[in-house]
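Peer 1: Here is what each chain is made of, one letter per residue.
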Amino acid sequence: MGQDQIDHILDRYVGQDGALIQLLLDLQQELNWVPKEAVQRITERLQIPLSQVYRVASFYNSISLELRGRHTISVCLGTACQVRNGPRVMDRITEVLGINPGETTADMRFTLERVNCLGCCALGPVMVVDGQYHGRVLPAKAEEILQGYD
Amino acid sequence: MNEVVLEIDGKEVRAVEGMTILEAARSAAIDIPSLCYHRALTPYGGCRLCTVEICNEGRSRMVTSCVYPVAEGLVVKTRSDAVVRDRKMLIELMLAQAPGARVIQDLAAEYGVSETRFEVEDPENLCILCGLCARVCEERVGASAINFVGRGVKRRVETPFQLTSDVDFDVCLACGSCASVCPTGAIKLEDITAKKPVPLSSEFEMGLGTRAPVYIPFPQAVPKVAALDRNRCLHFATGQCAICQEFCEPGAIDFSQEDEIVELEVGAVIVASGFDLFDVSGLTEYGYGKIENVITAMEFERLTAASGPTMGELRRPSDGRVPGNVAFIQCVGSRDINNKAYCSAVCCMHATKEAILASEHHPGTKSTIFYMDMRAVGKRYQEYVERAKTEYDVTYIRGRPGEVAMDRETGNPIVWYTDTATGETKMCETELVVLCQALSPSNGVAELADLLDIRLDADGFVSTPEKPFRPVDTTRHGIFACGCAHGPRDIPDSVIQASAAAARAAEVLTDS
Amino acid sequence: MSGVKSRADLEKLRRAILSGRDFAKPCISVCAGTGCLALGCKKVIAALRDEVQKQGLEGRVEVKETGCPGFCEKGTVVVVYPQGICYLKVTPDDAAEVVSQTVNAGKAIDHLLYTDPVSGQKAIHEHEIPFYQKQMRFLLGNNSRIDPKNIDDYIALGGYDALAKALFQMSPEGVIEEVRRSGLRGRGGGGFPAARKWQTVRDAKDGPKYVVVNCDEGDPGAFMDRALMEGNPHSVLEGLAIAAYALGAHEGFIYVRAEYPLAVENAAVAIQQAENYGLLGDNILGSGFGFRVKIQRGAGAFVSGESSALMTAIEGRVGEPRPKYVHTSERGVWGRPTCLNNVETLANVPIIINRGADWYAEIGTEGSKGTKIFSLVGKVNNTGLVEVPMGISLRDIVFGIGGGIPGGKEFKAVQTGGPSGGCIPERLLDSGVDFDELGSLGSMMGSGGMIVMDEDTCMVDTARYFLDFLADESCGKCTPCREGIRQMLSILNGICEGRGKDGDIELLQELSVAIRETSLCALGATAPNPVLTTIQYFRDEYEAHIRDRRCPAHVCRELISYYIDPARCQACLICLKNCPAEAISGGKDRIHVIDQSRCTRCGNCLDLCPTRFAAVRKMSGQPVPPSLPEEDRLLVRSEE
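Protein chains in written order, with our numbering: chain A, 1325 to 1474; chain B, 4 to 515; chain C, 967 to 1606.
Please keep in mind that the hints were generated in silico from the structure rather than gathered at the bench.
Treat the hints loosely; a few may be bogus.
Taking lysine-lysine and the DSS-like style, the derived pairs with C-alpha atoms no more than 30 Å apart in a straight line are [stated by the list, open to error]: (1) K429(B) - K392(B); (2) K1467(C) - K91(B); (3) K91(B) - K80(B); (4) K1467(C) - K157(B); (5) K1030(C) - K1260(C); (6) K1360(A) - K157(B); (7) K991(C) - K1088(C); (8) K1465(A) - K971(C); (9) K991(C) - K1465(A); (10) K1360(A) - K356(B); (11) K1360(A) - K199(B); (12) K199(B) - K91(B); (13) K356(B) - K392(B); (14) K1290(C) - K971(C).
According to the in silico footprint, chain B covers these stretches of chain C (three or more CB under 8 Å from chain B) [what the hints assert, rightly or not]: (15) 1445-1454; (16) 1477-1488.
Example chain C residues on the side facing chain B (calculated, C-beta under 10 Å, incomplete) [said to hold, decoys possible]: (17) K978; (18) R981; (19) L984; (20) P1138; (21) A1267; (22) E1286; (23) Y1291; (24) W1325; (25) L1436; (26) E1439; (27) S1440; (28) G1460; (29) E1596.
Just so we're clear, the structure is a prediction, and the values are computed from it rather than from any experiment.
Even glycine gets a Cβ: it sits at the ideal position worked out from N, Cα and C.
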């Protein structure tokens, strides 16, 4: 990932008003995080003060200012999933991986996130790994699913 | 702008359309507390302390007065039971958030909140997230060095990536605006930048005090008009701020002002360029600049002035203590073949005055004046000196000190002198030394003389060669000098000469 | 594809599409909504396509990926047309049978049909299934027939006719009047009369004007808007275009939350296809009215779903709510008059225009007209999306449609209105779902999330859960919300962890008043609702936690213990081997005993103990019985 890749994404938005959030989402999508260099480049090319870019990036859950693991696990803890024992799934994963929601494993394999509702409420508890949805996940099943990722 | 009449706490208040309730209330001297509001910033509506109750068509609701616009016939209650109840709860919450913040403690005392029933997560925390720091930096300073970060209970104010200084991120100007608007003292500049803020030294206060970029030099200044220091003004640096211009009611501030060149045809010129002070740091034997408690007479004047940096308390530089004794050294630079050969005329009297002043401000403070000759030549001047000796316990020692040393432990200066009365060489330990420095010709008088084509004398003062009969005439017809422009003299003499110069000028004008 | 340049052209297009379709041709519609995606519908679709090919039916049988039909509990849902046979819980292994038996031979497959849990009776068609019988599916009903990525499906069913009617037969004021007479109220939670909002924006002097669709749907437990936007995006686009025409806007935004990538995708495809047909763009249907739509993605913040915050987010700034005294209908996006409506609100608009306000106003109650989609989830047998007429009772929804509580458990409460709402107990279940009635119970309709809770749900923990959610999602700008929620959460954590004290309940109530009255936006102002309603209706649970250190539902970890009943334990070793804290001692014939000092109360042992033994149970509020002495732990099995 270099300056070029970042610039390529920024090219889509230079000159547009109010594009900061969409731009950050694109960066997140393509780079799996928003590195410091990207934040700086946004300031340079879009003339938005650095602290404001940083503020926007830090406000939103979908934008990560820290390097993420190779695989992102999102465990839903929306009300429906909560009622259907979603917390037990989260507990099992935190136990197995040794990290808390918001953290990444030391070997950069997984980043674990808590999400407040993915909209699959009828099938709780729901877990998403790398965009792949899994419904009706039991704690043991969650562990099994994760073993399939390296 | 339309006038709007509303009712606040039963009182009729006249406001202007577009004002907020808070602005209207404050203009009518009705106090509504607020923490995140600042006149020079767009209203934020974050702390919610300024919540008031408004009643409209029989229904009442709570609104934040810093944001809510006035309306004709609006009825506002700033201290109804509901408002006070809610305010107390907000204060209780803030007490848990920032228990050490003085301004919150004061509010708690005012509203009878004796303690907080809530959990204190961080007893050291002072930040109440009012946002004033971030907002002033963005809206007025134009640097946006700090901003809010995160969300919800994790919201905080930080520099991006928590860096205090980095080649790429160094946007902080170290202006200190954030720290000065912070209501709780939570902002520490060193957390934001490694740069140290440079306080603006006040020239009038002899560097002992500070001033703002917009300032009136001193209370008795003529003209008493504020000046704007272009080199230290934020607006000139970043194009932002301009708060002064916004709030100046008569609209007197004009950033585009430039020097004006005016041509006047005149029949007479009076040079009244005054004097400047001799720089005593060259006289290394007295230790000025090295020994903290050696000051000049002018600095002494500022320290004892009621409007000065210490509000009239004579506090010595090293430790801020009031000295129990003071030593004045006369003829510093004057009557000195190596510096100024002439006598500066005023120092004997002002030293006497200062010695008396020290005693009046701090009874018990004794002074010693080391002199060569006492030049008390005006009306009742000699009697004044005698009073100093008898009523104010001022000691006069004839002898010119050779050196001022220092006691390292106490910071006390030690004056070495020869008492010419007894012939002994002695040492006098004192707590403060005041150097009565010579008067020199005004800086720039040489260029002025060139311009006016008048001569200066050997000492650099304007030459008035025809005294005693034409004491204020310079070497050029029609140009006159008065006051210290042509030599050291005191106030009465300067005033007399001013009249004389005016008379001479009038004479010349009526001639032609 | 040449543009459709007039109303007549649209009609021609529709006829062309219809004539190109053979209604006798079999079509296997598979739900491809996010829910069924989670259940593996992609594999089902692939298997079906495979089978179609294998059985030589390529081109003669269509496999269509459609939107969500709502019966999520029984996903993957497949409907076979033209018969309309409804199959539930379809797996890839069933593909062969579906194609050969149903498609080819026209026979229904028993084991894939709905079976009534009591009578055992089968239901073949959707309308025979009890889950659907009490519903009135005007909004969701077409989902099984529409491939959201194919605009022709929508047009074939009459789509965009309402827009044409509005543009050519009605004035903008006329459209607003029609919506006003229908009584349509906002479906996002506020329940504000839609026509009144449109009128205010129409009357605003400034311009240009904007219309915005709020597809942020942040309420946890709600996914109605997702199903509409994913499954039938054109219904929303059409409603949006009609709204734009009514109030004079030419630019619109669809704000979709980041967590709905499929909705973003389908909306983008829909916009593109509508533009291709001239149904969106500079001169819609040749009427002279121009309207363009842009998609804005959310980035993961619940608070940004609040209307003024959403508009700020569209401007690219931090999505924090604005003070309410300046109405966004006068100063919204970029300070211009903006109308923001919920997805479901807009989806109702074409129906109202097509069928008329009078027809619409017949449905529902005096104050709440039309249907409402609810996401019925949690501890209920039939989870999914239900679309019902306003006024239907909660009992009818939970028991009549939802089929009651699974596992024979007792109903305890139904939570409506998301984090702004409240929990409604059993004795109030006969209340009708109506904006005002639910409000009078201390809750609110909200966006439509309806979470059913049973005896195993702790209401104090539920209140704590909502506060935890809000502590993270609050923007944090104002003191009462940020600090108030922080402290309410701290008190509730204390109660759930056994540190509650007398006076905690009163303190929560006192704090709630200030939070309600001084918060900047509705997130803060309604944050106390879950706490207050649970205190109101379930105070006994709070008091048990505080006074007896007991959690009646056996949920709060610090207040429960796990205990293996020695009389039932058969020493099968399963729990022992799987205890992550290695807290269980025992052996092959030795009764298993939990060491309470090591137990982390993860619940694994309870999950794993075979149901025929059911030896593990939870206890609360009393000490665990002393363990059997070592020598008595030898298990003696009875002779068979």
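Peer 1: Kindly indicate which numbered hints from before are broken by the structure, ordering the numbers from low to high.
Peer 2: 8, 9, 10, 12, 14, 17, 18, 19, 20, 24, 29
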